[in-house]
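Visitor: This is what each chain is made of:
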Amino acid sequence: MNSSLKIFIGLEIHIHLKTESKMFCPCSAHYGDEPNTNICPICLGYPGTLPLLNERAIEHGYLVARALGCRLSNRISFARKNYFYPDMPKNYQISQHNHPVGIGGTIEVDFNDLGAKRIRIHNVHLEEDAGKMIHANDATLLDYNRAGYPLLEIVTEPDLSRGEEAELFLRDFQRLVRYLKVSDGNMEEGSMKCDANISINLPGRGLGTKVELKNMNSPRFVRLALGYEIERQSKLFNSGGEIVQETRLWNENRDITLPMRRKETPDDYRYFPEPDMPSFVSNAAFLKRIENQLVELPLAKKRRLQSEYDLKVEQAEFIHNDIAMVTLFEDTVKSGASARNVAAWLSSDVRKLLNRDKRTLADTPLNASRFSSLLTLVDQGRISGKIAKNVLKDIFSEDADPESIVEKKGWFQISDPNELGKIVDQVVSQNPDVIEIISGGDSKQKSWLMGEIMRVSNGKAAPELAKKILDERIG
Amino acid sequence: MEQDEWAVTAELAALKLSEGEKKRLVKQAEQMRKLYLSMSSAVVDNLEPTTHASVVKNRVRKDEVKPFKDVDTLLDASNELDDRFFLIPNVL
Amino acid sequence: MPPVKQLWFSALNKPHVRDKYVQRVREIDKKIGSFLSFKLEEQDWTALGRKPLGGVPVAVKDNIAVRGRKLTCGSRILENFVAPYTATAIRRLENAGALVVGKTNMDEFGMGSSNEHSALGRTSNPWDLQRVPGGSSGGSAAAVAAGLVPLAVGSDTGGSVRQPANFCGIYGFKPTYGSISRYGLTAYASSLEVIGLFAVDIRLLETAFETMHAEDEFDQSSFSTNISGSEVKKIAMLDIDPGMLETPVAEAYTQAAQILRERGYVVEKVNLVTLKFVIPSYYTIANAEASANLARFDGIRYGSGSGYSQNPINLIKEARSRGFGDEVKLRILLGTYVLRSGFKDQYYIKAQRVRTLIRKELGVLLRNYPLLLMPVFPTQAFLRADSEMDNYKQRLSDIFTCLANLAGLPALSVPIGINRGLPTGVQFVAPAFGEKSLFDIARGFSEVFPVQFPPGALEIERMR
Ligand SMILES: [Zn+2]
Chain A
-11 MNSSLKIFIG
-1 LEIHIHLKTE
9 SKMFCPCSAH
19 YGDEPNTNIC
29 PICLGYPGTL
39 PLLNERAIEH
49 GYLVARALGC
59 RLSNRISFAR
69 KNYFYPDMPK
79 NYQISQHNHP
89 VGIGGTIEVD
99 FNDLGAKRIR
109 IHNVHLEEDA
119 GKMIHANDAT
129 LLDYNRAGYP
139 LLEIVTEPDL
149 SRGEEAELFL
159 RDFQRLVRYL
169 KVSDGNMEEG
179 SMKCDANISI
189 NLPGRGLGTK
199 VELKNMNSPR
209 FVRLALGYEI
219 ERQSKLFNSG
229 GEIVQETRLW
239 NENRDITLPM
249 RRKETPDDYR
259 YFPEPDMPSF
269 VSNAAFLKRI
279 ENQLVELPLA
289 KKRRLQSEYD
299 LKVEQAEFIH
309 NDIAMVTLFE
319 DTVKSGASAR
329 NVAAWLSSDV
339 RKLLNRDKRT
349 LADTPLNASR
359 FSSLLTLVDQ
369 GRISGKIAKN
379 VLKDIFSEDA
389 DPESIVEKKG
399 WFQISDPNEL
409 GKIVDQVVSQ
419 NPDVIEIISG
429 GDSKQKSWLM
439 GEIMRVSNGK
449 AAPELAKKIL
459 DERIG
Chain B
2 MEQDEWAVTA
12 ELAALKLSEG
22 EKKRLVKQAE
32 QMRKLYLSMS
42 SAVVDNLEPT
52 THASVVKNRV
62 RKDEVKPFKD
72 VDTLLDASNE
82 LDDRFFLIPN
92 VL
Chain C
6 MPPVKQLWFS
16 ALNKPHVRDK
26 YVQRVREIDK
36 KIGSFLSFKL
46 EEQDWTALGR
56 KPLGGVPVAV
66 KDNIAVRGRK
76 LTCGSRILEN
86 FVAPYTATAI
96 RRLENAGALV
106 VGKTNMDEFG
116 MGSSNEHSAL
126 GRTSNPWDLQ
136 RVPGGSSGGS
146 AAAVAAGLVP
156 LAVGSDTGGS
166 VRQPANFCGI
176 YGFKPTYGSI
186 SRYGLTAYAS
196 SLEVIGLFAV
206 DIRLLETAFE
216 TMHAEDEFDQ
226 SSFSTNISGS
236 EVKKIAMLDI
246 DPGMLETPVA
256 EAYTQAAQIL
266 RERGYVVEKV
276 NLVTLKFVIP
286 SYYTIANAEA
296 SANLARFDGI
306 RYGSGSGYSQ
316 NPINLIKEAR
326 SRGFGDEVKL
336 RILLGTYVLR
346 SGFKDQYYIK
356 AQRVRTLIRK
366 ELGVLLRNYP
376 LLLMPVFPTQ
386 AFLRADSEMD
396 NYKQRLSDIF
406 TCLANLAGLP
416 ALSVPIGINR
426 GLPTGVQFVA
436 PAFGEKSLFD
446 IARGFSEVFP
456 VQFPPGALEI
466 ERMR
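Chains as they are written, first to last, in the working numbering: chain A, -11 to 463; chain B, 2 to 93; chain C, 6 to 469.
FYI, nobody ran anything at the bench for these hints, they're computed from the structure. Computed from a prediction, not measured in an experiment: that's the story for all the values here. Watch out, some of these pointers could steer you wrong.
[What the hints assert, rightly or not] Only pairs whose alpha carbons sit at most 30 Å apart, straight line, appear in this in silico DSSO-like list of lysine-lysine:
| hint | chain 1 | residue 1 | chain 2 | residue 2 |
| --- | --- | --- | --- | --- |
| 1 | A | K276 | A | K300 |
| 2 | C | K75 | B | K35 |
| 3 | A | K251 | B | K17 |
| 4 | A | K397 | A | K456 |
| 5 | B | K24 | C | K75 |
| 6 | A | K432 | A | K396 |
| 7 | A | K322 | A | K251 |
| 8 | B | K17 | C | K349 |
| 9 | A | K377 | A | K289 |
| 10 | C | K44 | B | K23 |
| 11 | A | K322 | A | K300 |
| 12 | C | K19 | B | K35 |
| 13 | B | K17 | C | K398 |
| 14 | A | K6 | B | K58 |
| 15 | A | K410 | A | K396 |
| 16 | A | K276 | A | K381 |
| 17 | A | K120 | C | K75 |
[What the hints assert, rightly or not] The following label-pair restraints were derived from C-beta to C-beta distances:
| hint | chain 1 | residue 1 | chain 2 | residue 2 | range |
| --- | --- | --- | --- | --- | --- |
| 18 | C | D445 | B | K23 | 38 to 44 Å |
| 19 | C | T51 | A | E279 | 54 to 60 Å |
| 20 | B | K63 | A | R344 | 40 to 46 Å |
| 21 | B | K35 | C | R372 | 34 to 40 Å |
| 22 | B | E65 | C | R469 | 48 to 54 Å |
| 23 | B | K35 | A | E200 | 54 to 60 Å |
| 24 | C | Q351 | B | Q4 | 46 to 52 Å |
| 25 | A | E22 | C | L45 | 36 to 42 Å |
| 26 | B | Q4 | C | K281 | 56 to 62 Å |
| 27 | C | E215 | B | K23 | 46 to 52 Å |
| 28 | C | Q351 | B | K17 | 24 to 30 Å |
| 29 | C | S233 | A | R106 | 53 to 59 Å |
| 30 | C | D445 | A | E22 | 27 to 33 Å |
| 31 | C | Q28 | B | K28 | 45 to 51 Å |
[As the list claims (entries may be wrong)] Far from chain B, by Cβ distances over 10 Å, these chain A residues were calculated:
| hint | residue |
| --- | --- |
| 32 | S9 |
| 33 | P14 |
| 34 | R44 |
| 35 | L60 |
| 36 | A124 |
| 37 | R134 |
| 38 | Y167 |
| 39 | S222 |
| 40 | R258 |
C-beta: ideal position from N, C-alpha, C; glycine also.
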């Protein structure tokens, strides 16, 4: 690859907005239902039906535009984008053209080793999704449950210059929409999609010939596809070949991009203003509502976790990745736990359990009050750190409070000197040979005896007290 | 030339025209197009386009689900079904 | 004379009259062809008596949805399509006791001024069976004119209610844009059209309009407002080159002005310099919107499909090519063309700016005059397949009607008697929400020119 070439990468990201109902009709926007159950005359494009604008979809759109630092439009309107395809019931898509929710934003993204960079946002606009086409042997099956689902498209300027940056940008954007609770932002499940455009040129010559990339179903594939494309185009460029303006598809089985079949007639979407809906004017009350929904954004959050709580980079990275984790962290700390301790627990034991169960924190019964009472039990010496790990597992599997788990399992530490003395005596009397070695001067074996005490007591012996009694017994 | 433009237009409009239709329709379309061009003498450069009747207040729908009661009649209206899917001849 | 509502209720309240009525409608409509379907359904007649439109049979243009009835739009592509829901405007009429008895013939998707562009049947003018009833709501107009119903619903995109009403000698009313919900009206040109009404009687028309007028959650471009009307003293009369109008139409026009003056109104001739841009602007916009509105008819989810095809785009093309008639194809082509990149500024955007210009001029005029008097159409009902009235000439002749659509204003066509065996009339245009002025002025005219019926019309007052 010729390192003197300049690379311009822009992204077009679509997210499904989290709403109860569809964009323009009151059908459920729920996923995974039986085919063609969430349909009505409106989303099937029946004659005589009209689009009915969903208030929450607009709010979500404005919120994202605001978070991306866009200029918010005081008047938005919709337009019809015309093209024929069986998955689109009206054979036009209601989208935004001249008056989108937001234009001209910037967002700072941390590319780790590559440093932080400001990426400009071209615009943010609302539109509706199409149905799903399933290709069977000799027929195509159509499911319109998804038709009319609210989409938000975010178009960046070509400010990215590597596949890695695109991937990190996408991951940060996923966090952002989850923080704002406007979308699941899941590319694998289809609630987020990303197309990319890329061009290369000699420095100072501006943009090159634009190639569009589609069919990348994860941030990783976006990185791989762009990496492949940078190499392909650079070779072509350096060998004096011609880069064709085209759309290429990422083939994830062969790890290459391939040109998409061309249409006979070029697209001409013939945008014109949607006459069925009046413009929406964002008044002060509306904008206030948007402002109230704004939250601290992921990058600011990560930086604050590091500075305010003195967390390690990896811990802050891990915690800020999931807004539920951030909330759990901050709430637990607020209730008095040590921040570094909480962060350590989250980034090791909790993380392991989540990975084991392939769950996200929000899907587990762990909450701040349970977490802080678990840590308090350890702090107060009522359970050992080792027991605490088991309690955590039980919280996950039994959806119960730590106190009641410890109670039920009889896991409280044995800290009564009499009771503990009996256990120590038992271990001592059963291991005369070890006692002999210790009296011979090899005090290292003492820790083996401590292990035995823990084993016999099922891990419940209060370690400090047990050690003290053992010392007394064997002098 | 005229024929070509109208052929591209027909393609965009998803209309397949027979030779007879082409003859009839292109002639009429050209007649109308010329009529449209008579607007060129209107001085309107400083005027905003009127795209729809202006309604003063915002009209939105609360984000609530109200399922359509008669979903199955929507399926029955299709020419061909496969279980709950609308079916069309193969693509590609 | 009892109000029209009472007349119809007390007749149809009797079961044996109902049977006779249905039989007579079928007899008469064999010649007229106004209905595509007709059925008088069972009703609770006791409850109907108390409702404002109780027992009034209503004909509905077949581009407006009535649940369980066909919604053909006069097109092959929807020949067997049944509506799964009811238009809000119709539901409101039904709630007020009106009885939808049938769906009426029309120019395919509302595109035409003669009903000759229906793919599903021929409708004749009740005054002369060789002549057209007008269009595109020709079936609704003919049904009312033949006495089959006292009230009918149509849609007016560029004159599609007022012109057939004028051809058939009855009232034809286009309300202010948005004052009646369009939910359930198959869209042709969304920014121009409204549901409108035909009636034999102004009071009935007014009651029906008040019933239908409301903001609708299913149409976000609809709204409700106080329907007003200022006291009218001065009326503007569009100054027209006499050569533009056929003699009986010109005579009716002069006569209307004469009557107004006799009744104490000041009638002043005015000019509209933008009039010459009305037709090109109107058709550019209407066809552009139509090209998108009719894109949904592809035979996949509903409507007549094409059977097998190698790929989905061909499938769609086949269905549309078989399903649409010439006039529809032409208007889709034109509408697609004016939106194409490279042409859009010159045609579509220009037309929308011209529309602004027209609205401005009309706005100024209507601030000085609360009503504008105009002809409806340059001719009386013309002959079927009239070589003097080809499709192009018909489109040019929409000039007086589509003005109100471009401006979103209410307008009413009013009958002015029969001349040379055919109805004549004029129309009044009012400022937005000025419907009351229209009804008032029409009431005055009705004393001089009550609606007349052609020989052989159904006379409900004689049915016992
Ligand atoms: Zn729906």
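Visitor: Decide, hint by hint, whether the structure agrees.
Guide: Evaluated hints:
1. A:K276 x A:K300: Cα-Cα ~36 Å, so violated.
2. C:K75 x B:K35: 38 Å, violated
3. A:K251 x B:K17: Answer holds: A:K251 to B:K17 is near 17 Å, not above 30 Å.
4. A:K397 x A:K456: Measuring from Cα to Cα gives roughly 26 Å; hence the hint holds.
5. B:K24 x C:K75: Between B:K24 and C:K75 the Cα gap is close to 34 Å, so the pair fails against 30 Å, i.e. violated.
6. A:K432 x A:K396: Cα-Cα ~36 Å, so violated.
7. A:K322 x A:K251: 60 Å, violated
8. B:K17 x C:K349: Satisfied, since the Cα-Cα distance of roughly 23 Å is no more than 30 Å.
9. A:K377 x A:K289: Roughly 28 Å between the alpha carbons, so the hint for A:K377 and A:K289 holds.
10. C:K44 x B:K23: 41 Å, violated
11. A:K322 x A:K300: Answer holds: A:K322 to A:K300 is near 19 Å, not above 30 Å.
12. C:K19 x B:K35: 59 Å, violated
13. B:K17 x C:K398: Holds - the C-alpha atoms of C:K398 and B:K17 are around 27 Å apart, at most 30 Å.
14. A:K6 x B:K58: 26 Å, holds
15. A:K410 x A:K396: 23 Å, holds
16. A:K276 x A:K381: 43 Å, violated
17. A:K120 x C:K75: 29 Å, holds
18. C:D445 x B:K23: 38 to 44 Å: 52 Å, violated
19. C:T51 x A:E279: 54 to 60 Å: 58 Å, holds
20. B:K63 x A:R344: 40 to 46 Å: Between B:K63 and A:R344, where Cβ atoms are some 42 Å apart, the hint holds.
21. B:K35 x C:R372: 34 to 40 Å: Given range 34 to 40 Å: holds, Cβ gap about 35 Å.
22. B:E65 x C:R469: 48 to 54 Å: 53 Å, holds
23. B:K35 x A:E200: 54 to 60 Å: Cβ of B:K35 to Cβ of A:E200: about 39 Å, so the range 54 to 60 Å is violated.
24. C:Q351 x B:Q4: 46 to 52 Å: 20 Å, violated
25. A:E22 x C:L45: 36 to 42 Å: 40 Å, holds
26. B:Q4 x C:K281: 56 to 62 Å: The hinted range 56 to 62 Å is violated for B:Q4 and C:K281, with Cβ atoms some 30 Å apart.
27. C:E215 x B:K23: 46 to 52 Å: 49 Å, holds
28. C:Q351 x B:K17: 24 to 30 Å: Distance hint for C:Q351, B:K17 holds at roughly 27 Å.
29. C:S233 x A:R106: 53 to 59 Å: Taking Cβ atoms as reference, C:S233 and A:R106 lie about 56 Å apart, which means the hint holds.
30. C:D445 x A:E22: 27 to 33 Å: 57 Å, violated
31. C:Q28 x B:K28: 45 to 51 Å: 47 Å, holds
32. S9: Check fails; 5 Å does not lie beyond 10 Å.
33. P14: 4 Å, violated
34. R44: The claim is violated: A:R44 sits with its nearest Cβ about 4 Å from chain B, within 10 Å.
35. L60: Non-interface label stands for A:L60: nearest chain B Cβ at 15 Å, farther than 10 Å.
36. A124: 8 Å, violated
37. R134: 13 Å, holds
38. Y167: 20 Å, holds
39. S222: 33 Å, holds
40. R258: 7 Å, violated
In the structure shown, a violation is registered for the earlier hints numbered 1, 2, 5, 6, 7, 10, 12, 16, 18, 23, 24, 26, 30, 32, 33, 34, 36, 40, in ascending order.
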